[in-house]
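Got chain A; can you put chain B with the ligands on it based on the hints?
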Amino acid sequence: MLLIPCPHCGPRSHIEFTYAGDATLRRPADDAPLAEWADYVYLRDNPHGPHREYWHHVHGCRAYVTVERDTATHAIVTPGGEAS
Amino acid sequence: MYSFPRLVREAFRRHSGWEPTWRSPEPKPRYDVVIVGGGGHGLATAYYLAKEPGIANVAVLEKGALGLGNTGRNTTIVRSNYLLDANAHFYEWSLKLWEGLSQELNFNVMFSQRGVINLAHSDAQRDQYRRRGNAMRLNGIDAVWLNRAELARRVPLLNCSDDARYPIVGGLLQPRGGTARHDAVAWGYARAADARGVDIIQNCEVTGFRIEHGRVRGVDTTRGFIAADKVALAVAGHTGQVAAMAGLRLPIETHVLQAFVSEPLKPMLDTVVTFGAGHFYVSQSDKGELVMGGDLDFYSSYAQRGNLPAVQHAVECGLAMFPSFSRLRMMRSWAGVMDMTMDGSPIISKTPIENLYIDGGWCYGGFKATPGSGWVFAWTIAKDEPHPLNAAFALDRFRRGAVIDEKGAGPDAKAH
Ligand SMILES: Cc1cc2nc3c(=O)[nH]c(=O)nc-3n(C[C@H](O)[C@H](O)[C@H](O)COP(=O)(O)OP(=O)(O)OC[C@H]3O[C@@H](n4cnc5c(N)ncnc54)[C@H](O)[C@@H]3O)c2cc1C
Ligand SMILES: [Zn+2]
Chain A
1 MLLIPCPHCG PRSHIEFTYA GDATLRRPAD DAPLAEWADY VYLRDNPHGP HREYWHHVHG
61 CRAYVTVERD TATHAIVTPG GEAS
Chain B
1 MYSFPRLVRE AFRRHSGWEP TWRSPEPKPR YDVVIVGGGG HGLATAYYLA KEPGIANVAV
61 LEKGALGLGN TGRNTTIVRS NYLLDANAHF YEWSLKLWEG LSQELNFNVM FSQRGVINLA
121 HSDAQRDQYR RRGNAMRLNG IDAVWLNRAE LARRVPLLNC SDDARYPIVG GLLQPRGGTA
181 RHDAVAWGYA RAADARGVDI IQNCEVTGFR IEHGRVRGVD TTRGFIAADK VALAVAGHTG
241 QVAAMAGLRL PIETHVLQAF VSEPLKPMLD TVVTFGAGHF YVSQSDKGEL VMGGDLDFYS
301 SYAQRGNLPA VQHAVECGLA MFPSFSRLRM MRSWAGVMDM TMDGSPIISK TPIENLYIDG
361 GWCYGGFKAT PGSGWVFAWT IAKDEPHPLN AAFALDRFRR GAVIDEKGAG PDAKAH
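Chains as they are written, first to last, in our numbering: chain A, 1 to 84; chain B, 1 to 416.
You may find that some hints are simply not true.
Derived pair list, reagent style DMTMM-like, types lysine to aspartate or glutamate, alpha-carbon separation capped at 20 Å [stated by the list, open to error]: (1) Lys-414(B) to Asp-270(B); (2) Lys-414(B) to Glu-68(A); (3) Lys-414(B) to Asp-39(A); (4) Lys-350(B) to Asp-39(A).
Don't read these hints as lab results, they were simulated from the structure.
A quick note: this is a predicted structure, and the numbers were derived from the prediction, not measured.
Bound-form chain B, shown alone:
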């Protein structure tokens, strides 16, 4: 139990009494549910499943160490500012779970509701953003339109002048949006799931599925065969590759996305800002670094490394917004691989194989979905049917023509 008295007590005995945050058990021969992938989504799913009465015997299998996939690589923006109903309802539920998450897990996930601002640079873009803001408000989600003068007050370093490369017209603010501490989300869910009896097994890669008469019976792993009544995939950028081992072809292309941070600075930016005339987003971490991201590299890739042109594009956008960034030095850059779906929306769904479930297709934005996705995925696995919040994210929506194309970009994975 983490508490203030415990902290004081440990301080007086040289912190010798802390135990590992979760156990590292040997895999059992059989589980009710095996979750593949120990990122935020897999761990959250395990946690909400273990809270469900009657499901005790759950394992999470992770090929490496917990949270070193996209959980530990993302720019941590959390928001629910969507136009389409299915997205709005789902992400808003996730945001509500974020609002109580540190209490729920007794682990500080440092969720900071510092607001997320999308800048608009033309009349057409302003109309489109205001339409989205109105749709959000109709769905009960907070949205505020800021004109240029209000933006200049809210974000003093922003170039709001007329001679900006793409003069700013205004911005759509979601005040309840913000950022969170990525690692803490993985660790918090892992600890809470472990406390409810979930076996978290690291360095255990799933290498195949045992499927009999159209029903999954278990998984082959680098640590031997593990039988399971139900198998649930939460492998983020590797969904296509892992699902292929079960003979499934998915509406997914895997792409690489980079992120980078500047040297640490004194507090200068207390909100999240996204550029509207190119793809760029920035916030300042609690350590003082500017955390920045932009576009995909735009070619399919499973390599967790990107190329400089994507960095250059992002930096150019950043400087157009904040000329004062021009003398900063970049400290680190890295990349993660992501499932880009053909409509830009996720897949949280049953599959044609009985008792095999998929949570994937998170494109640029699955970190914010972590609590909501774990919650609805646990429901879907436990009840063998989707919750109303994820019914629209079914795998068969592409065949049915019921795509959820937030951006209206059409069936081109990299365009979403």
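In isolation and in its complexed conformation, chain A is listed as follows:
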């Protein structure tokens, strides 16, 4: 089980959360070229190692939490905080 540090609820089991993927993606401007939108929607760095990601605390405070987790070991490297 992964222990996800929630800034509101403390460390909680990952089954209370829904994983919401890469937290480093930035939404392009509304009028950005289509190719830029396609990259945003579909392409991922998918790193082997530290990964900044969102976890949605659906069965808790319902906040989106940012966490840095190592995808090779599952270790939580640095607890983030509330998603910006």
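Only chain B with the ligands this time, still in chain A's reference frame:
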């Protein structure tokens, strides 16, 4: 050559005459084609390439030992019961290759067409499955609808009563689907490719690509640089990581999937059954173990190990279907890492880098694709253009908006 007379002869001389199934050559400095990844897909690709006239000089580079990736970790379900045309045609071609594979390779891959049944538990699900069954039949694929009474006869241990947690309405059966012996697929292709001169090089990890003027020239490996005219990736769950070394960003997230087996039992289940009110699939191996799988763990991971909640979910589904499983003991569980694509369909494609090709994005279901994928990938590499069967699985389909979203789940890798 494996044959009955040979077996008898060896039996009389204490099996002293068997040779290694494939050679273990030193890597040559240069190959026409280097295939990265010695799982089923890489080995099948090498085999079909070596059958192609004019291509003799092929190597498969494997970072560990053959077939210890997802080939050796999967639940071995083989089927072609797809709704969308691109998937239906491709997987049906693969299924046809399965049907002749043991003969083709002179190696028993134990392909067993015991049928695959998808259970439906609501009227809406029944309509959706019947629609898929009809689409399959229009595509020339076998599909049979079973009502509850027929299911109860076909799978006696299934809880077909009204007081099941999710009462069963019926099921979609593909009679030609089934299972195969996973290791034998890797070994059979390896042996047949080796016999056609392919160099299979184990313990050789690709650590980088040499790319000049937009064209690949070779690979750096833990055993030195190897030059190649063409480089083809078949690294399953590691496609994103390996492609990143060539500067490519892919529509892939890597996720972990578990499987587990029960203690061995007498024959009790002679088909493959999948649950429709949760994600669970089960069959019985020739050794008697129930082979079971369920959902992803649902967070990106390159660790070949999973967590208990995913096992619990699968077991709960299994017990809802088969209450008699409740007293079984689990014997082993393990996990593999898989490329989950943004539309749930694979990528068998050229790339923006000349002479670099990708076969990946197999999500939950690439074992059944092994022969078909090797076949079309070999074509794609040899002719530098896709075969009509894999043209739709191009890498650029995401930019073109031509996604193949069998489940209709949208651009969320873990949802497919
Ligand atoms: C638990 C589980 C259950 C599954 N169940 C089914 C099922 O029932 N039916 C089905 O059809 N599919 C199933 N699958 C999916 C299927 O196993 C895979 O899609 C398929 O095996 C992938 O292709 P492969 O056989 O070539 O992969 P692999 O056997 O994983 O081969 C890839 C190889 O590439 C090597 N490699 C990686 N990086 C490098 C590098 N840098 N240099 C050199 N070599 C490298 C790896 O070591 C590995 O051996 C399942 C998968 C899992 C994990
Ligand atoms: Zn919380």
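Hints versus structure:
| no. | hint | in the structure |
| --- | --- | --- |
| 1 | Lys-414(B) to Asp-270(B) | violated, 31 Å |
| 2 | Lys-414(B) to Glu-68(A) | holds, 19 Å |
| 3 | Lys-414(B) to Asp-39(A) | holds, 18 Å |
| 4 | Lys-350(B) to Asp-39(A) | holds, 18 Å |
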